[in-house]
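Protein chains in written order, with our numbering: chain R, 5 to 312; chain S, 2 to 431; chain A, 69 to 250.
In case anyone wonders, no lab produced these hints; they're calculated from the structure. A portion of the hints provided could be inaccurate.
So, partial list: chain A residues that the calculated Cβ filter (under 8 Å) puts toward chain R [stated by the list, open to error]:
#1 207
#2 208
#3 209
#4 212
#5 215
#6 216
#7 217
#8 226
#9 242
#10 243
#11 245
#12 249
Heads up, the beta-carbon is just placed ideally off N, CA and C, and yes, glycines get one too.
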Amino acid sequence: MSDKETRERKIFRLSRRKALKGLAAGVGALALPGKDASASFWEAFFQKNFRELGKDDLRKVLARMEKEYGAQYGRAVKVKATPPIEGVQYGYALDLSRCIGCRRCVYGCVRENNQSRDPQIHWIRVLQMNKEKGVYLEEAEQYYNPAKVPEPGYFYMPVQCHMCKSPPCTKVCPVQATWTEKDGLVVVDYNWCIGCRYCMAACPYGARHFNWKKPGLPAAELNPDTHILGNRPRPVGVVEKCTFCIQRTRENPGRYPACVEACPVGARKFGNLLDPESEIRYIIENKRVFIFKEDLNTQPKFFYFYAT
Amino acid sequence: MKMIWEFFKGTLVLVFRGSKAYYAWVFSLLVLMAVGVFAYAHQLQAGLIVTAMRDQVSWGFYISNFTFLVGVAAAAVLLVIPAYVYHWKPIKEIAVLGEMLAVSAMVMCLLFVTVDIGRPERFWHLIPKIGILNFPQSLLAWDVVVLNTYLVLNLMIAVFILYNLYHRREPNKSFTTPLILFSIPAAISIHTVTAFLYNGLGARPFWNASILAPRFLASAFCSGPAFMIMLFQVIRKYTKTDIKDEAIFKVAELIAYSMFLNLFLLGAEVFKEYYSDTIHLAPMQYLFQGLHGHTSLVPYIWTAMLFNVTAFVLFLVPKTRENYVTLNIGCILIFIGVYIEKGMGLVIPGLAPDVLGEIYDYSPTGIEFLVSMGIWATGLFVYTMLLRVAIPILNGDFHVGEDGVTPVIADERFIVRRQGLVSRTPEAEA
Amino acid sequence: MSNRRWSYFFLLARIAAFFLPDAAALAGHQAEEPKTRKEEGAALQFPVPPPPFTPGIFPCSECHKEIKPNPKRRVLKDEHTNIVLNHAQGQRWCLDCHDAANRDKLRLVSGEKIDFSESYRLCGQCHGDKFRDWKVGVHGKRSGEWNGKKEYLLCAHCHNPHDPRYKPIQPLPPPVRPETIR
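Between the sequences and the hints, there should be enough to build the whole structure, so can you do that?
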């Protein structure tokens, strides 16, 4: 950050800087090796919560991130901040009578959303369950690995963020680093999250994942089309989660989420809940729909259904 | 102003003086703290991957210790209530020690939270106006508020009383009484809020039981005072302070009642889960019986049960309660028992089986042990420093001189093995 | 004074609200028209990729123009022996779906001849419920843009028409267990 830019900053930002710089220098120096203590580090450190960023602030932040990731991965990275589309509430439905548990969605998601490969982070967890027991979590198995799926006698239930209308996770965040966007997407500001993991304890769907270590993402596998609230490369020590592929679905026209695209059996359905012509509305109106942990009143916008 | 500066200088002189035993004790704490700092530096470098926590069990040993210590801190109120509300004299002398214990425990609590979070350098996000404190939505925000309030409150009370005694005058009641009265609900609130922090999560049936907050309080009123009883004996054995038997036995009696409540509430919880036998029984089974071959918590919880019940009996029977051997055994049993039950025994079954039914057997890593040990050492160090100043003041060995400014230090050694009677009338009363 | 008037007003409003929703719902129920989804049939195009032929097999007329159609139901002995009909085999055979006169076409029950790229109409004759779901994008895979151009797949892209049950596939690797994440 140049001196000129510094002078242009708002007065209250300056006072914030003054008040914290001393303390931050101490902690920062402890947390980071000296070479990282660049201007960009301080700019990231003092970055406001996403929802408090003005237009100019946001532009600078996006440019800084693109530069940072470009240098880190040695290739051009686009960081968007595409806003919600008016009149859209995203909804998702998954056909339990179709899913075969092949995990194509899991890895499609990992590739699209730049999840850490090592240590491994999966936003989608697929549960194998006994047809005789029904949705009985105590005997659900995530680590099944037969030669072929589906196995007779079992059904499969992929679980990811349910984009609850009444999300227990955002409620508990002590710093409002996670919130529901106008289009119903529950997002995380990776630059504001303090990593307390209270949201992980609160989520009934195991949808939130923590970067226990600096994410391991080979440059060759990076998806360079990213959104600031979605699949941009994540720092260590923060929580991340499914965003219904915000970098795709907020475009107009926007592609289906990567998991929908990856599913070989077409069990995954996505659309606008406010559009009566959408497939998601057709499902809700015509199919047997099942809401996971309905008793918790989280009011998910992710539905399971049985097409047959 | 000059008087406060002189007082402060006097305290600095005090903490640097002491017997060989004092130096040895402080030095070993400093070593443990240094080890903790190194372990923490490693954790900062590598990330929380060096702990055994994972997405399935996202809180572990750190938060368990935090939870237990909130209880210890809250227990200071147990000594304050009779001391100030009922003007019950023997306890009044030692109430200030309880408040200082609360301060030390609070320091440990805040440290345990700090080492648990992924981005400690972003702590300023929690400060209202500068950052965003999600108050009153988030119970963690509540916890931040009440824990810091409680810390400041106890520090203020203790320092104010000690500063006045140092000036050889009775502390101004119109200042102390409201603060002390406020500290009672504050103590209850820190533990209630900490309980609610778990309690409010519908996703975690093991925590989502309305009996949790009362259970927290009941167990806190066991572990904190048990620690105090042992501490009082150490203090009167190795320093010049006097603490009456009567006070100790009274505290022990209160422990017995609290332990009864604690066991009763736990029993109520166990009955409800086992008899109704819903899907929410799983965490309870994991804790008490083991589930699907995962039995890592079972030996610990049964140890805790055995210890708690034994201690309850020891403290209930006046004969064993007033015998120092059995009393101390009881204290140790209670401290360990509650540490298991209200620490890992509370946190881990809330997270395992996880929300998708997976069981990850969490067991802390070496780094977690070292960091935790460093924090315990820090807490003990803070408490030692506070005692180093407080005890000479209470004894009248550290007070303002004839000129009203220069401090007089009569206690040069601090930790000394004492001879003869253990119970005596303290001189500091006047 | 004015306070009282307001509270009276609110009271009235609440009483009204108590009765009105039911009335409104009732009226709405009666007035409700049958749902109009985008009209079915020829008007709606279903963009699909080319049918999944075995390489080199199409056009069928390449071979069949030389052969005189034999309408007798039988098990094929010389050609197409790899095709094992596992699809209501007791009730039908090749020429129920493949047009005897023009082998490059499929044949509906009505006698209408259709291209292979429209095969969903053939399947939809029996599987009406699936066809209905498929058309709105609920049965089968739909890709493309959720709020724009959509791509469909033919039934035959996922289901072998002669043996339509979806075949088991190899799953991708299970996640790493938390114990082994280091």
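Okay, the hints, checked on the actual structure:
no., hint, result
1, 207, "holds, 6 Å"
2, 208, "holds, 4 Å"
3, 209, "holds, 3 Å"
4, 212, "holds, 7 Å"
5, 215, "holds, 5 Å"
6, 216, "holds, 3 Å"
7, 217, "holds, 7 Å"
8, 226, "holds, 7 Å"
9, 242, "holds, 4 Å"
10, 243, "holds, 5 Å"
11, 245, "holds, 6 Å"
12, 249, "holds, 5 Å"
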